[in-house]
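J.: These protein sequence lines map, in sequence, to chains X and Y. Take any residue in the first sequence, count from 1 to its spot, add 3: that is its number in our numbering. Take any residue in the second sequence, count from 1 to its spot, add 3: that is its number in our numbering.
It cannot be assumed that every hint is accurate.
Identical copies look the same in the list; a pair holds intra-copy or inter-copy alike.
[Claimed, not checked] In silico SDA-like links for lysine to any residue, alpha-carbon gap of 20 Å or less:
1) LYS331 - ASN509
2) LYS331 - ASN508
3) LYS652 - ASN470
4) LYS155 - LYS250
5) LYS551 - PRO203
6) LYS292 - GLY113
Bear in mind the hints are in silico, worked out from the structure with no lab data behind them. Since the structure is predicted, the reported quantities are computational estimates derived from the model, not experimental observations.
Number of protein chains: 2
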Amino acid sequence: MDRSAERASLKSGTQSTARQMEVLREVYQCIQDGARSFLRAEYTICLQFVVAFAIMIVVLIGWGQGLTIGILTMISFVIGAITSMVCGYIGMYVAVFSNARTTINCMKSGYTEGFNTAFRAGAVMGFALTGLGIFVFYATMCGYSTMYEASKWNIMFDCLSGFGLGGSSIAMFGRVGGGIYTKAADVGADLVGKVIEDLPEDSPRNPATIADNVGDNVGDVAGMGADLFGSFAESTCAALLIAAQTKDLRAAGWGAICFPLIVSAAGILVCLACSFVATHFRPVTTEDKIEGALRGQLILTTLAMLPAIHAVAALYLPETWHMEGVAKSMTATRHGAVMCVASGAVGGLIIGLVTEFYTSFGYEPVKELARSCKTGAATNIIYGLALGYKSVIVPVCILATIVYVSFESCDLYGVALAAVGMLSNLATGLTIDAYGPVCDNAGGIAEMAELPHEVREKTDALDAAGNTTAAVGKGFAIGSAALVSLALYGAFVTRIRESSDGEFNNVQILTPLVFAFLLVGSMLPFWFSALTMKSVGDAAAEMVLEVKRQFDETPELRNPATQLRPDYDACIKISTQASLREMIAPGALVMLAPLITGTFFGVYAVYGLLTGALLSGVQMAISMSNTGGAWDNAKKYISGGYDESLGGKGSEFYKAAVIGDTVGDPLKDTSGPALNILMKLMAIMSLVFADYFYAINGGQGILNLPVD
Amino acid sequence: MDRSAERASLKSGTQSTARQMEVLREVYQCIQDGARSFLRAEYTICLQFVVAFAIMIVVLIGWGQGLTIGILTMISFVIGAITSMVCGYIGMYVAVFSNARTTINCMKSGYTEGFNTAFRAGAVMGFALTGLGIFVFYATMCGYSTMYEASKWNIMFDCLSGFGLGGSSIAMFGRVGGGIYTKAADVGADLVGKVIEDLPEDSPRNPATIADNVGDNVGDVAGMGADLFGSFAESTCAALLIAAQTKDLRAAGWGAICFPLIVSAAGILVCLACSFVATHFRPVTTEDKIEGALRGQLILTTLAMLPAIHAVAALYLPETWHMEGVAKSMTATRHGAVMCVASGAVGGLIIGLVTEFYTSFGYEPVKELARSCKTGAATNIIYGLALGYKSVIVPVCILATIVYVSFESCDLYGVALAAVGMLSNLATGLTIDAYGPVCDNAGGIAEMAELPHEVREKTDALDAAGNTTAAVGKGFAIGSAALVSLALYGAFVTRIRESSDGEFNNVQILTPLVFAFLLVGSMLPFWFSALTMKSVGDAAAEMVLEVKRQFDETPELRNPATQLRPDYDACIKISTQASLREMIAPGALVMLAPLITGTFFGVYAVYGLLTGALLSGVQMAISMSNTGGAWDNAKKYISGGYDESLGGKGSEFYKAAVIGDTVGDPLKDTSGPALNILMKLMAIMSLVFADYFYAINGGQGILNLPVD
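Given only the sequences and the hints, what does the whole structure look like? Please build it.
T.: Structure follows, in structure tokens:
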């Protein structure tokens with residue numbers, strides 16, 4: 004059956020409720036089909052990658068460390084990759100399952116029902132992901148532990164780091180592929196739909212609109228889910244690996260080693276307990292309570308984590324233990340470890356709230372940005388870039404403080420614990436992240452099913468709050484990625500030090516090879532962003548041509564009262580093909596960069612590469628995400644008519660704001676968030692292949708260049 | 004006499020040649036007056052700064068190292084600052100002296116006369132600057148050398164580092180102030196003039212047009228001159244300082260120490276000899292020879308430098324000498340030193356040529372960017388940002404190679420020599436840099452004096468070539484700034500090592516304080532760019548309001564045939580005031596950041612800060628400059644009608660390109676180039692205050708935080 008033809012025959016205009024429900028169900032089905040078929044296509048490619056890479060792991064690591072370790076690493080890699088895919092699929096499934104239900108519940112009186120539906124959808128995803136992640140990881144760990152006695156746990160955790168690599172490499176494809184998909188559709192729909200043809204957003208006459216809605220699910224839900232699952236898996240791997248290399252902690256037993264994992268598990272329980280506050284104890288009854296409810300969840304879970312961390316530490320950690328740190332030998336204390344986790348949790352919250360300040364139109368920065376549209380699109384872009392650059396200041400200072408405090412308390416184990424701490428309320432973070440796209444989709448469905456205006460207004464209110472809190476979530480994601488990659492980098496250094504019997508200990512900045520690769524490393528985020536931005540641009544241009552073609556061939560679509568429906572599937576196909584094609588190059592860049600560097604230039608070059616990429620990557624990621632978020636909300640500020648001097652929707656100022664929003668799309672949803680994964684993935688790649696690197700000319704690489 | 008009223012009474016339309024000449028002379032006078040009065044205002048502020056900072060130097064360094072050294076440092080600081088101001092003034096003077104002369108010579112037949120006038124103007128500036136710089140520095144050096152015997156030359160060069168600081172801090176104000184001036188006028192003129200009122204560029208009816216022309220002189224000539232003079236002074240300081248701390252080189256005598264200075268001097272002679280090629284041996288006779296002539300000069304001087312470097316080294320350097328490098332103790336060779344200088348010279352040329360590839364519309368990247376305007380301003384911006392990010396790849400790899408080669412050959416002395424090498428054909432670089440704005444102004448004058456169309460076409464052809472080669476010059480400036488700041492950073496480390504008797508030797512990346520400040524340091528270029536971009540945006544918005552006011556109050560200005568002239572002085576005043584007001588904050592940020600860090604957090608924190616700022620600064624500077632340059636030339640590509648499918652001037656695509664160009668203005672002429680100075684200035688600040696930092700709690704800072 005040709006679905007688009009069937010849709011095209013639908014009657015539009017004033018419809019009976021039954022008819023509206025029928026259309027609603029069809030749109031719902033369309034989005035679901037689109038999302039599923041994209042994920043199927045994407046995962047097919049991912050599976051091929053997993054198979055190829057698994058073979059490479061066995062060969063390279065088998066050569067470097069022996070076949071057993073190679074095979075065990077490969078197995079944990081495959082398990083991590085598959086878990087990540089399952090998580091992404093669950094997220095997408097829940098989101099597309101709940102979008103139409105949210106729309107329907109928004110037709111009921113009050114906000115409570117609609118909010119609760121979307122919030123619970125997010126919660127299902129949040130708890131499923133974190134629960135599954137911990138369960139699978141712990142099961143793998145238990146399985147492996149039968150093969151190694153306590154004194155060899157360090158080797159066991161070497162093998163387990165494959166889990167993080169698997170999770171992260173799938174996350175890379177998910178983030179980049181999903182990001183390109185969603186933004187190609189979004190930018191394409193914006194460019195033609197709003198600027199050229201003056202269509203309202205999500206108009207059923209816009210051929211790219213279904214692709215746009217599908218994109219929200221595959222990019223913002225599945226991609227984000229895979230990303231944060233990756234962060235979770237990697238921070239746990241890094242913390243466990245360093246813990247397992249510490250003799251005193253091994254001696255203190257399984258519980259002491261598993262401390263980071265137990266903190267994460269406690270976090271799930273805390274988030275679970277707190278989630279009833281939003282849905283039951285203080286339900287959302289009016290529009291102005293939505294944002295507070297979401298933000299309240301984050302603050303509440305963070306605060307509730309603090310005593311939980313303390314309790315877990317008291318139960319499982321020894322009072323003090325000796326650590327052979329990278330910076331120095333030291334005596335770490337339980338109190339210090341608690342401080343590391345807590346600094347991560349609280350620091351993450353602050354970073355999130357600062358992000359909100361710069362991207363929500365409730366505050367001055369976005370208002371000023373909106374006013375800059377008065378002098379045209381160019382000043383809007385200039386101010387937006389400046390805003391993004393400025394928004395880096397506080398988060399980076401907080402990150403630096405967390406790094407200093409945790410590094411000083413427990414060396415690199417502390418940094419890993421801080422990352423675990425920042426991700427401890429991940430379940431809540433994911434709830435809020437998934438909540439946004441569900442509401443966004445609900446609004447799209449309401450528009451396409453031509454439901455009463457009030458429904459759309461209600462979903463818009465839910466969505467606006469979600470936009471703001473999504474920015475908070477992005478702040479968390481970036482902050483934790485920076486900590487995770489530093490921790491992984493530390494684990495890499497620790498592991499090389501073990502292998503080389505202390506010969507490779509710390510990394511001197513002022514040595515030729517390290518400094519040269521510091522430069523190269525800090526260039527990689529730029530290269531990567533160039534690839535992803537260009538991909539979105541190209542795919543969006545294709546999309547524009549397709550939409551134009553449809554409008555040209557079916558001029559009837561220009562008529563707002565038309566009953567005709569465009570060919571949605573053509574646009575879905577373009578987004579799918581473009582994203583699958585374009586995700587290869589950036590993915591390869593990230594994975595090959597450390598591998599090639601380590602193979603040819605050796606371990607010190609990799610040190611430089613990782614440091615450089617981390618340093619410039621974190622700045623780029625924050626500024627890109629915030630610039631894009633601010634442009635989006637500046638547009639919403641104008642279209643919402645919050646400032647009458649800006650003229651509202653359709654004015655010249657609004658058009659200038661739309662240009663900013665369009666430029667911001669790939670920044671905030673493709674390049675920016677994918678840089679998180681760049682940092683993490685490069686670090687975990689190096690960690691997994693550490694002994695392989697060391698096996699080549701004693702860590703000097705094939706070229707065997709002098710290091711100093 | 005009220006000049007603007009007088010101008011307003013001028014007859015326009017078809018004028019007699021005598022009348023045209025009169026108008027031409029007036030415009031010329033206007034630009035000259037505007038530029039002079041701006042520089043006077045700017046230098047008044049700079050002088051206040053110099054006095055205040057000189058006192059601070061005496062106090063802080065006097066406290067750290069004793070009064071004599073404090074006073075000598077202060078004197079060299081003042082000399083450096085004044086030399087920089089003189090250089091900026093000379094540059095501006097020559098440029099405004101030559102612009103109208105170039106216009107007049109473009110009225111003659113053929114291209115030779117016009118080209119030679121502009122080229123010679125540039126050459127006067129280039130040779131005056133480099134000659135003056137070397138002469139003053141050498142004279143100061145000789146003066147100081149009477150007070151110190153050979154074994155104490157290291158202390159003497161400590162004092163001389165004030166020269167670089169003086170040059171660089173004035174360059175900071177020149178670049179930022181000039182950059183904001185020129186771009187406020189340019190962006191303002193573009194926004195109203197082209198987009199809103201559909202005026203041609205440089206129309207005499209645009210009130211901001213004179214300010215725009217003045218800006219070319221104070222920003223692109225005086226600012227660029229001061230910047231490159233600063234690079235020259237600092238690279239020389241760094242090289243001499245490290246040389247003077249090397250016992251063997253001190254023993255080899257004055258000539259061996261002065262090797263870097265002699266290379267620079269030889270460079271001037273080489274450039275002088277080569278300059279006759281462009282004006283006499285192969286004069287420019289047709290349009291298509293212009294770009295080749297300019298590029299040829301750069302290539303020729305670089306190649307001619309290679310034997311010169313070899314000869315100078317053979318004459319002055321010992322065969323081998325021992326160095327206590329930062330990375331290791333080593334035996335350096337004359338051959339190695341030659342390789343360092345040569346790698347800098349050749350690497351700089353390649354970086355320049357790559358920059359040209361990404362910013363000239365003769366190549367595919369800019370053509371593709373121009374085509375992206377077909378889908379609107381948003382895709383133009385997205386592609387432009389991606390282009391800038393991509394253009395970072397090759398230059399950074401080349402820089403990394405230069406760093407590795409030179410660091411490996413002669414430790415940090417080698418890096419300083421590479422910087423000296425890259426700047427060895429500075430006279431030619433400056434010639435070409437100043438050539439551009441002179442032609443740009445010449446075109447503006449031709450337009451305002453309403454000279455025949457052919458004259459404007461000729462100046463446009465001269466200017467187009469200048470634009471491209473200016474991009475090449477920017478590549479040089481950024482590359483050399485990166486090397487200079489690394490060399491200064493190395494000199495700083497060397498000096499702290501001397502003071503601490505080897506206690507502070509190298510810098511470990513993985514220590515808490517260093518890593519925390521690596522993050523903070525790599526954030527600073529973003530903070531700085533946020534300030535400068537915002538300043539340009541604010542000033543341009545003011546300018547737009549003023550221009551709108553004039554058009555609203557004098558609607559007659561909209562009539563192309565009008566005899567009325569707008570009030571240019573009001574616009575000049577806005578640019579002047581805005582730039583002087585807005586240059587304070589970014590300048591203070593750059594100078595206070597290392598000072599506060601060193602005072603409170605100590606030497607290791609400063610190490611982290613400098614490394615971080617260098618790493619992200621170089622990437623940002625390259626990508627910003629190239630993005631802006633590419634947008635500018637994409638616009639020229641469309642307006643020049645090189646691709647008929649793009650519709651030419653006035654089309655929708657052209658308007659999209661203008662938005663890109665406008666966004667690019669502050670990127671390429673304010674924030675991007677000022678980042679050069681950020682890197683250098685922070686490093687030389689640290690170098691000059693090294694012993695002061697070390698004097699606080701043994702280099703631990705007031706807070707006395709544990710380092711590892």
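J.: Could you run down the list of hints and mark each one as holding or not?
T.: Hints and how they fare:
Proximity of LYS331 to ASN509 under the C-alpha cut-off of 20 Å is found in both arrangements, the shortest distances being 10 Å within a copy and 15 Å between copies. In this assembly of identical chains, LYS331 and ASN508 lie within 20 Å of each other by CA distance both inside one copy and across copies; the values are 10 Å within and 16 Å between. When the C-alpha separation of LYS652 and ASN470 is checked against a cutoff of 20 Å, the pair qualifies only within one copy, where the shortest distance is 19 Å, while the shortest distance between copies is 40 Å. Only within a single protomer do LYS155 and LYS250 lie at most 20 Å apart by alpha-carbon distance; the minimum there is 10 Å, versus 52 Å between protomers.
In this assembly of identical chains, LYS551 and PRO203 lie within 20 Å of each other by CA distance solely inside one copy; the values are 16 Å within and 32 Å between copies. In the homo-oligomer, the alpha carbons of LYS292 and GLY113 lie at most 20 Å apart inside one protomer (12 Å), although the nearest pairing across protomers, at 74 Å, exceeds that limit.
Figure legend: structure checked against the earlier numbered hints; every hint is met.
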